[in-house]
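Enquirer: What follows is the residue order along each chain.
Protein chains: 2
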Amino acid sequence: MRSALVIGTGLIGTSAALALTARGVTVHLADHDPEQARTAAALGAGTDVAPEARVDLCIVAVPPAHVAATLADALRKGVARAYLDVASVKGGPRRELEELGLDLTAYLGSHPMSGRERSGPLAATGDLFEGRPWVLTPTRDTETEVLNLALELVALCRAVPVVMDADAHDRAVALVSHMPHLVSSMVAARLEHAEETAVRLCGQGIRDVTRIAASDPRMWIDILSANPGPVADLLAAVAGDLDETVRALRGLQSADEDKRREGAAGVADVLRRGNAGQVRVPGKHGTAPTAYEVVAVLISDQPGELARIFADAGAAGVNVEDVRIEHATGQQAGFVQLMVQPAAAPKLAAALRERGWALRQQ
Amino acid sequence: MRSALVIGTGLIGTSAALALTARGVTVHLADHDPEQARTAAALGAGTDVAPEARVDLCIVAVPPAHVAATLADALRKGVARAYLDVASVKGGPRRELEELGLDLTAYLGSHPMSGRERSGPLAATGDLFEGRPWVLTPTRDTETEVLNLALELVALCRAVPVVMDADAHDRAVALVSHMPHLVSSMVAARLEHAEETAVRLCGQGIRDVTRIAASDPRMWIDILSANPGPVADLLAAVAGDLDETVRALRGLQSADEDKRREGAAGVADVLRRGNAGQVRVPGKHGTAPTAYEVVAVLISDQPGELARIFADAGAAGVNVEDVRIEHATGQQAGFVQLMVQPAAAPKLAAALRERGWALRQQ
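Quick note, the sequences are listed as chains A and B, same order.
Counting along the first sequence from 1, when you hit position 192 you're at 192 in the numbering used here, and nothing is skipped either side.
Counting along the second sequence from 1, when you hit position 243 you're at 243 in the numbering used here, and nothing is skipped either side.
Careful, some of the hints might be misleading.
Said to hold, decoys possible - Chain A residues, not near chain B, derived (Cβ > 12 Å throughout):
1) Pro34
2) Pro63
3) Ala72
4) Val79
5) Leu100
6) Thr144
7) Leu147
8) Asp258
9) Asp312
Said to hold, decoys possible - What follows is a set of in silico ranges between Cβ atoms, one per label pair, in the way DEER data are often shown:
10) A:Gly120 x B:Val163: 47 to 57 Å
11) B:Asp233 x A:Ala42: 52 to 62 Å
12) A:Gln204 x B:Arg2: 34 to 44 Å
13) B:Glu354 x A:Arg95: 50 to 60 Å
14) B:Thr144 x A:His193: 30 to 40 Å
Keep in mind that the hints were calculated from the coordinates and are not lab data.
None of these values were measured; they are calculated from a predicted model.
Even glycine gets a Cβ: it sits at the ideal position worked out from N, Cα and C.
Put together the whole structure using the sequences plus the hints.
Expert: Below you can see the structure in the form of structure tokens.
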């Protein structure tokens, strides 16, 4: 790939342009707001001068509602050898394009899975896609050359390509992102009018469950509006489990022992299915979660405490795989959990004890 | 407090005994399984010889179903000046005791909020309660001396006392722990039979939401069986939100513009209420979450990388408040997010860049 045209210089478009420019591709930038394209150019993402000849790849990075019209316009003008969009939903835009009766052999739908809280060109960064999945949704009609140009884009952005059917993609993001987001909001919503003493008892569990409920509602209304069907289907399935679990808990309140036994079985069932689903969530580097050993070290809230721990762990030659800081209530001290390969845990614990750290017994 | 009797030498009982022994209290250990009490004694938690005189405090740390009978027996024998239990549910045991017609002026219900995955005396540790809330549920009849002995126990265990009504406690733990646990299981359960390509798209959001779904179902069936009413009430409220949200999403699929507008408003409502609830979750040290600035540093998966970063952050005199490692898919590199006070972020970023680290633009 030697040249590209990026239409829509928001977060995603500008980030892709920065990555391509950094790897020597000539990038042209366009936006319905020329000021926005100028800003992206000023950031080093490319030039806001229109290309004089056909480019290799046209990347359409406009909001979901404008994807079909923008792509149709670019396809009719024949500005590129290949065309790609990056909208977070894939089934609807494809059907809109098909209804326009266009030749779509040079078009490929795609979705880089790398949102962030901020938007616009100023939030863009050339490494936004590094290590993240970038879904490609080719059809039987997609030309091989087009797929290869898209794979080159993904490689230049250092993302990981994942090929999927458009509708399967939409169901997948409903499952791994949209449904969990709404459920997290619903758990958090229960805290809105809770008593202060109750809220004081929050621990790490509810903190994790509700973290994503802090996101900007405006952005999420757009996302959910583009994929309402699959999300509603999944929420309805969760609602089914929820109703069953309420019934099981009511059974546990019963004076009848059979009903209590049935209730316990119902609660056990949802907990066990939760176990079975949770182990499928990929851990670090996209693999199944490794069972790390935890070494918990007591630290005070003084600057440099974490630094000293990690220096000491490093001196012991141990690679810390993950870190979690336990939040203590009303105290200026807490535990930092160092997650390491099981074989390395005794070595790390011994090294830290020797250097005077207080460890929690495991 | 000079002497204590711990009945039930599992995780909680042995941990409290270890803390008291470490602070000079004479601790007697008892268990229906004498081998278990011997193990706790061998760990340094106290003596498994019965006390010759009345002790200051009797701590009943047996499974929820045995609390009332064990307490009644101890009260009748008059083994202590004050009596306390540590069961995770408080309303039921109190009512059982009241039905036995006992004088409860010397008894206080309590709940240290510090579970862990493992159980039994071998998992015990004297610092299990450090910085964690320890709920006390006195009534109007509780003698002041009894409350003060309990407060002394909490202080010696370095926990944070929180006084609550017994039923309010049960509703609070249903809200901040039991309900979120079941909902997390239900989200995870949706992944059980999901396609592998869909599961590959999991990001940090669903990873956080489903983390607690990995817990042992047996322990959770016991917990939920002791508190089914409040948990069922909360799940029913979540089910109400869920049904409304499914309706709102179906509205978004409608051809009718009014229905689509109504649907968007419904989705917006649950997202906004989620925002309002999420900000109430206490952050580090029990205070409202501070808006930390994130400095994201690119690291490879080599041993010592984290150590070097923290050493460099420490050398810059910056206190890292929290850490999150971003998991990259299929790559041997990723970002570590260092969360620091906003004022310290530019200093940290400059220091790390100077030492050769690649930072992500914020």
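Enquirer: Run the structure past the numbered hints and jot down the numbers of the failing ones, going up.
Expert: Result: hint 9 breaks, nothing else.
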